[in-house]
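Residue numbers (our numbering), protein chains in the order written: chain A, 722 to 1023; chain B, -2 to 260.
One thing to keep in mind: the hints can contain errors.
[Said to hold, decoys possible] Result set (EDC-like, lysine to aspartate or glutamate): computed pairs, CA atoms no more than 16 Å apart in a straight line:
1. A/Lys973 / A/Asp889
2. A/Lys807 / A/Asp889
3. B/Lys117 / A/Glu770
4. A/Lys914 / A/Glu832
5. B/Lys37 / B/Asp26
6. A/Lys1012 / B/Asp90
[To be verified] Some, not all, of what chain A presents toward chain B, calculated at C-beta under 7 Å:
7. Ile736
8. Met740
9. Phe746
10. Phe751
11. Leu757
12. Pro767
13. Pro845
14. Thr848
15. Pro866
16. Val998
17. Ala1005
18. Phe1007
[What the hints assert, rightly or not] Simulated coverage check for chain A against chain B, where a stretch passes if three residues somewhere in it have a Cβ under 8 Å from a Cβ of chain B:
19. 854 to 860
20. 954 to 960
21. 970 to 982
22. 986 to 996
Rather than coming from a laboratory, the hints here were simulated on the basis of the structure.
Given the structure is predicted, the values throughout are model-derived calculations rather than measurements.
The beta-carbon is built from N, C-alpha and C at its ideal position, and this holds for glycine as well.
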Amino acid sequence: MINRIASFVGVRGVIALPMIWLLVFFLLPFIFVFVLSFSTIRNGMPPYEPVVNFKDSFLQLNIHLSSWERFFENPIYIGTFLSSAKTAFIATFLTLLIGFPMAYVIARAPEARRHLLLMLVILPFWTSFLLRVYAIKTILYNQGPVNQFLMKIGILEVNSPIQFLNTDFAVYLGIVYTYLPFMILPLYANLVKLEESVLEASSDLGAKPFWTFWQVVIPLSYPGIIAGCMLVFIPAVGEFVIPDLLGATDTKMIGKTIYVEYFNNRDYPMASVLSVVVLIVFVAPFLMMRKWQDKLAEVNDA
Amino acid sequence: MLRAIGFLGFIFLYIPLILLMAYSFNAGDRASLWVGFSTKWYFVLFENKELLKAAGISMRVAFFSATIATFLGVIAAFVLTRNKRFRGKVLIDGMVTSPLVMPEIITGFSMLILFISMQKFIGWPANRGMTTIILAHSTFCMAYVTVIIRSRLVDMDSSLEEAAQDLGAHPIFVFFQVTLPVISPAIVAGWLLAFTLSLDDAVIVQFTSGAGSTTLPAKIYSQVRQGVTPEYNALATLIIVIVGIAIITAMQIMNRTQRMHHV
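The following block holds chain A by itself, in its conformation from the complex:
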């Protein structure tokens, strides 16, 4: 009997372990960041005033709204949010333009070859994110292979390379290159379910291939397009490595601004404000939409 109780408690404890872990190392940090956004900077370590204080056995709250005021008053912060959204939006659209044909080719390939093609998409994706950004940097140098190639085939004059690196173009290219698999996989999952007979019906009724594609294939793949675009847009908007390594020094991306506030300015409260806003504006809607989609799927299954 005692053994049984002990094993029961033990099992409970083990089951609770990941939950406790997540509460401590995932939820708690965000609560601290939220609280910290109501602090203010000071000289010392840590470089911020404590918000919650125990003094003479009383709990004291020191709430400062100065960081939030600065966030709303200084147009640079809001501007950075808008420009991050713009960059992520353009890059997502470009990723869709390249990813859709690739997903289509894979979905229409003979079944035996599909597996290989999917593997070719996933392989660089799991290899290394950092090294893929590095690879883009390597090819974009002024004396790098892209410029050399353009000079050789005569598009560019000799010794007049285009400045690719540290431009918006390099940031777009970096995002498209690293996030392409995120776009292709949900599109593929959607397109592979598309029945050949639907396309045949369309062409039998006299539609040209392009018209069939535009009026039949694209509308039928909306769920995949939306899923793929969300999976690229959300991480791209908070991206730090790509604008830092490929963009200009004054590239306005929110991830980079958070890093600058933390590292250069040692303004932890401001970094907290920006983190909270990113979570509310970009991450929370995404999670809610996913919940909503799951619910919808459950209803459809029932």
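Based on these hints, arrange chain B on the given structure of chain A.
For chain B alone, kept in the frame of chain A given last:
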């Protein structure tokens, strides 16, 4: 037309990586101007003690993070798939999956704040180093492991477990003797994925590492910021080849067992 773009897309995926590897054999000392063929950078690389030390730290961090993440991920996935409804399921579900979409910079920053606060209130961890990196990596890798194992558990025929239970087996016995063997390929794949993710992180580590605990990606990152050298291309080539082989192996294991279960 569509086919042509699709085909070019595949070339686009591989050209930069191939060029990156090709330049590691460049005889010149600039990473982007081709001079001639040489393997000298690989020898230079192996004499770089600092990089070797960082690689050692990264390997240890990745090993422990992947192991903790897999242990926690298996339990989390099992609890979430085998219990229809329980209190706090929505919260746990959200916490398990949201690290997947969280910008790394925010994960890193919030971890830093957590460690500063923990040090202040309970005095542990005393300073930032390998321990704090492992804690942070385990947490974000756990989300990926859970997703992989969860999808395997959903696919798995639960009548096997029910049969064992009906025959009077204790739930713990069922888990170890029935469930675990079936999902073991997913566990291996999850562990390998967690290992490579930890080995690739250059952002979270900026917030959670301390003096003397610089990891390999952090070293690569600070170098790439300044410019690229063939020595680092050689390093990148080695990493791509090693990790690539590990990934292909993991995928083969996953596919073989999947096919086995379909028969």
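Right, here's what the structure says about each hint:
Simply put, A/Lys973 and A/Asp889 have alpha-carbon atoms about 10 Å apart, close enough for the 16 Å limit, and the pair holds. With a C-alpha separation of about 11 Å, the suggested pairing of A/Lys807 with A/Asp889 holds against the 16 Å cut-off. Pair hint B/Lys117 plus A/Glu770 holds up; C-alpha atoms about 13 Å apart against a cutoff of 16 Å. Proposed proximity of A/Lys914 and A/Glu832 is supported: the alpha carbons are some 13 Å apart, at most 16 Å.
Distance restraint check for B/Lys37 and B/Asp26: the Cα-Cα separation of roughly 10 Å lies within the 16 Å cut-off, and the hinted pair is therefore satisfied. A threshold of 16 Å between alpha carbons decides the hint, and for A/Lys1012 with B/Asp90 the separation of about 10 Å falls inside it, so the pair holds. Proximity of A/Ile736 to chain B holds as hinted, the smallest CB-CB distance being about 6 Å (cut-off 7 Å). Given the 7 Å rule on beta carbons, the hint for A/Met740 holds: about 6 Å separates it from the nearest Cβ of chain B.
Because the closest C-beta pair between A/Phe746 and chain B is about 4 Å apart, less than 7 Å, the hint holds. A cut of 7 Å between beta carbons decides the hint on A/Phe751: the least distance to chain B is about 6 Å, and the hint holds. Look at A/Leu757: its Cβ gets to within about 6 Å of chain B, closer than 7 Å, so that hint holds up. With its C-beta approaching chain B no nearer than about 5 Å, A/Pro767 sits inside the 7 Å limit, and its interface hint holds.
Hint status for A/Pro845: holds, given a least beta-carbon distance of 6 Å to chain B, under 7 Å. The restraint placing A/Thr848 at the interface with chain B holds, with a minimum CB-CB distance near 5 Å, inside the 7 Å limit. Here the hint on A/Pro866 is kept, as its CB sits about 5 Å from the closest CB of chain B, short of 7 Å. Interface restraint check: A/Val998 against chain B, minimum CB-CB distance 10 Å, threshold 7 Å, status violated.
Checking A/Ala1005 against chain B: minimum C-beta separation of about 9 Å lies over 7 Å; hint violated. This hint holds: A/Phe1007 has a C-beta 6 Å from the nearest C-beta of chain B, less than the 7 Å allowed. Only residues whose beta carbon comes within less than 8 Å of a beta carbon in chain B count, and the segment 854 to 860 of chain A has 7; three or more means the coverage holds. Under a criterion of three residues with beta carbons nearer than 8 Å to beta carbons of chain B, the stated coverage of the segment 954 to 960 of chain A is upheld, 5 such residues being counted.
Counting residues of the segment 970 to 982 of chain A whose beta carbon lies closer than 8 Å to any beta carbon of chain B gives 3, which reaches the threshold of three, so the coverage claim holds. Taking a C-beta to C-beta cut-off of 8 Å, the segment 986 to 996 of chain A contributes 4 residues in contact with chain B, enough for the three needed, and the coverage statement holds.
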